[in-house]
Amino acid sequence: MLTLTDLRLAREGFTLAADLSLPPGVTAVIGPSGGGKSTLLDAVGGFLAPVSGRVEVDGRDITALPPAERPVAQLFQDGNLFPHLTLAENVGLGIAASRAAARDPRVAQVLARVGLEGLGDRRPARLSGGQQSRAALARALVQDRPVVLLDEPFSALGPGLKQEMLALAAEVLAAPGRLMLMVTHDPEDARSVADSVVLVADGRATGPFETGALFADPPPALRAYLGD
Amino acid sequence: MSLSRPGLFVAGLIFLLTLGTLGAVALRAETGGGLSPADWAAVRFTVLQAFLSALFSVLLAIPVARALARRSFPGRGAVVTLLGAPFLLPVVVAVMGLLTVYGRRGWLGSVFAGLGLPPPDIYGLEGVVLAHVFFNLPLAARILLMGWLAIPAERFRLAAHLGAPVGRVLEGPMLRTLLPGAFLTIFLICLTSFAVALILGGGPRATTVELAIYQALRFEFDLGRAALLALIQFGLCAAAAALAFGIALPDAMGGGLDRTVRRWDGSRIVDALWIAAAALFLLVPLAAVALRGLGGLLEMPASVWAAAARSMAVALVSTALAMVLSLALALRDGRAAALAGVLPLAASPLVVGTGLFILVQPVMAPASVALPVTALVNALLTVPFAVRVLSPALRQIEARHGRLADALGLFGVARLRLVLLPRLRAPLGFAAGLAAALSMGDLGVITLFAGTGEATLPLEMYRLMGSYRTEAAAGAALLLVTLSFGLFWIFDRWGRRADAH
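Taken in sequence, the protein lines are chains A and B.
Be aware that the first sequence starts at 1, since it is given in the numbering used here, and climbs by one per residue.
Be aware that the second sequence starts at 1, since it is given in the numbering used here, and climbs by one per residue.
Please keep in mind that the hints were generated in silico from the structure rather than gathered at the bench.
All C-beta atoms in this analysis are idealised placements derived from N, C-alpha and C, irrespective of residue type, glycine included.
Misleading hints may appear alongside valid ones.
Here are the simulated distance ranges between beta carbons [stated by the list, open to error]:
| # | chain 1 | residue 1 | chain 2 | residue 2 | range |
| --- | --- | --- | --- | --- | --- |
| 1 | B | LEU3 | A | ALA216 | 36 to 46 angstroms |
| 2 | A | PRO71 | B | ALA78 | 55 to 65 angstroms |
| 3 | A | VAL51 | B | GLY23 | 31 to 41 angstroms |
| 4 | B | ILE490 | A | THR5 | 38 to 48 angstroms |
| 5 | B | PRO152 | A | GLY13 | 28 to 38 angstroms |
| 6 | A | GLY158 | B | SER72 | 50 to 60 angstroms |
| 7 | A | GLN131 | B | PRO422 | 19 to 29 angstroms |
| 8 | A | GLU12 | B | PHE15 | 28 to 38 angstroms |
| 9 | B | GLN396 | A | LEU65 | 27 to 37 angstroms |
| 10 | A | ALA64 | B | ALA78 | 52 to 62 angstroms |
| 11 | B | GLY409 | A | GLN131 | 24 to 34 angstroms |
| 12 | A | GLU164 | B | GLU154 | 38 to 48 angstroms |
| 13 | A | GLN109 | B | LEU82 | 55 to 65 angstroms |
| 14 | A | GLN109 | B | SER72 | 51 to 61 angstroms |
Just need the whole structure built from these sequences, with the hints factored in.
Encoded structure:
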């Protein structure tokens, strides 16, 4: 449902080529540091214009669309919440560009879904890192878009909490016709949560590979990265 | 609507108000006669006093800033805050304080008389430079202090370890970077200084171009000559600003001055003397005003209170206008907005006033527009300072939250309302406080326009001083300082309360 056709991306002295098609489900993007995983997500999310090629979701060409108009919801590595707004207001921004959207019944629903029931009136600073991550997840959920991008949003949480959040994300966002695309530098994350894997290395994004099969018999680039 | 669109109109408005008024003035200038010897004398004096003021301010600031950078002592925070005060202080008030201390009949005068020495003459070049140093030494000290604190502590450790000469190796490069910008900033400020020259200058040997413009308009009704002088003033400022544009002007508004850097060189006693001297230099005139003012409060005529009310109204209007203009400029990238953000620094308020005077004169009596024009010109003059506070803050906000705002489709008014303004509250409060205090204490354009019924508080105070009602003037001074600092504190406090949320 997400198709990258002859996509070429360029950033200061670094290029990435991608030509692949991803089905709905959970796909992990793995590869060495600096290899271009976040760059790939930026291109899908609309923060990097490609040099050439197309990005399509469910057959619709979104290459020229700005981030907010794409059928894509995004969680960044940090800065996912506005510190001066309450959780409910932050989540409400996923529905409309107004503070009043906080009162929409869907907001309370998604907050409960991620385990933050009753905390809607708090500001992010008064919550733990894990709770803030859940709030960001709640907003992605309420946006109800076919593609959700996660650029290592839980990496600051510590291994146990990160595992928990990934599992929650996969569970909550799971829906027919939805793709959850997550960048991770920890292959364990891919193994535990992802159905398929995209490998970004040596200037190319290749895949999707079925997770189990890939780790059972890794290609040379992946082998080097895994260090076996 | 794009957030950067209003900035274009604001830039245009500022070009109109600075260059357009200059054009109106140029059309009236009588260039036939050329400059009289008195006018050349004014040009020479203007450049000389600005040069000396900047020189002394910067040179004396070096030991003071160095002392503050490397010594920690109880009350250091107060001294650093004190360094910020003269910028907000109404010029008339400071001059009155300096007169009380250094004037012929002042405290120093009494000491000299007691010692059998001739009394000090504060009028003329010495007084003008003294007053300018009073205002700008703290500014220079703040700039240099920031420079000192920016040198990483590790380098001082390394220098101490190696026994390397700290001055040549560390401080020299830093000073070479900061001093030219500081010097030029102060030079520019002193070129257009009016109120100081008005009170402490005057006479054939101590008249600035700005003062000459005022005299031509106010006493001789010679529009042509005033126009010619206005052109010269703009030329002087533009030349200085062109020099300054090449050199990065340092930012004196920054915070983070409460650290010290551990050092192993220098004498503690010498540093203590410099800090004490600077503190006394700033505090004694302020104390003089406070003391005299308390006594004078009862002697103030009723006109003072009316003037105070007018000043407050003008200050509030001017502040609101300045904030709107500055925000619009800060939201816009590009050269037009950047230029518009610094152009008012090069423009002289009396030149702008003269231009508006020329435009208004056929249609309305100048006195009836005195207050609105003052509010407009005050707003214009505050824009550069406000923009230098708001721009970096906006950049920071965009860097931290811009991507999220883009991803959520927050643009235009929604972005302003939901993201930018809430997070700009602290710098907005500070900038508004600056604008309000500066407008409150301004003695400039109002002198051209106002009749007896439209005086602002600084003008009223100046008139009281002029009619030798010094006690009443002192009372007015105390009232003015209280209102100015009070307004600053209210706005700044409003801005900082955002963090409590």
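The hints, checked one at a time:
1. B:LEU3 to A:ALA216: 36 to 46 angstroms: violated, 53 angstroms
2. A:PRO71 to B:ALA78: 55 to 65 angstroms: 58 angstroms Cβ-Cβ, so the 55 to 65 angstroms window holds.
3. A:VAL51 to B:GLY23: 31 to 41 angstroms: violated, 48 angstroms
4. B:ILE490 to A:THR5: 38 to 48 angstroms: For THR5 of chain A against ILE490 of chain B, whose Cβ atoms are near 60 angstroms apart, the range 38 to 48 angstroms is violated.
5. B:PRO152 to A:GLY13: 28 to 38 angstroms: holds, 29 angstroms
6. A:GLY158 to B:SER72: 50 to 60 angstroms: This hint is violated: roughly 38 angstroms between Cβ atoms.
7. A:GLN131 to B:PRO422: 19 to 29 angstroms: Since the Cβ atoms of GLN131 of chain A and PRO422 of chain B sit about 22 angstroms apart, the hinted range of 19 to 29 angstroms holds.
8. A:GLU12 to B:PHE15: 28 to 38 angstroms: holds, 37 angstroms
9. B:GLN396 to A:LEU65: 27 to 37 angstroms: holds, 28 angstroms
10. A:ALA64 to B:ALA78: 52 to 62 angstroms: For ALA78 of chain B against ALA64 of chain A, whose Cβ atoms are near 58 angstroms apart, the range 52 to 62 angstroms holds.
11. B:GLY409 to A:GLN131: 24 to 34 angstroms: At 25 angstroms between Cβs, range holds.
12. A:GLU164 to B:GLU154: 38 to 48 angstroms: holds, 41 angstroms
13. A:GLN109 to B:LEU82: 55 to 65 angstroms: holds, 56 angstroms
14. A:GLN109 to B:SER72: 51 to 61 angstroms: holds, 55 angstroms
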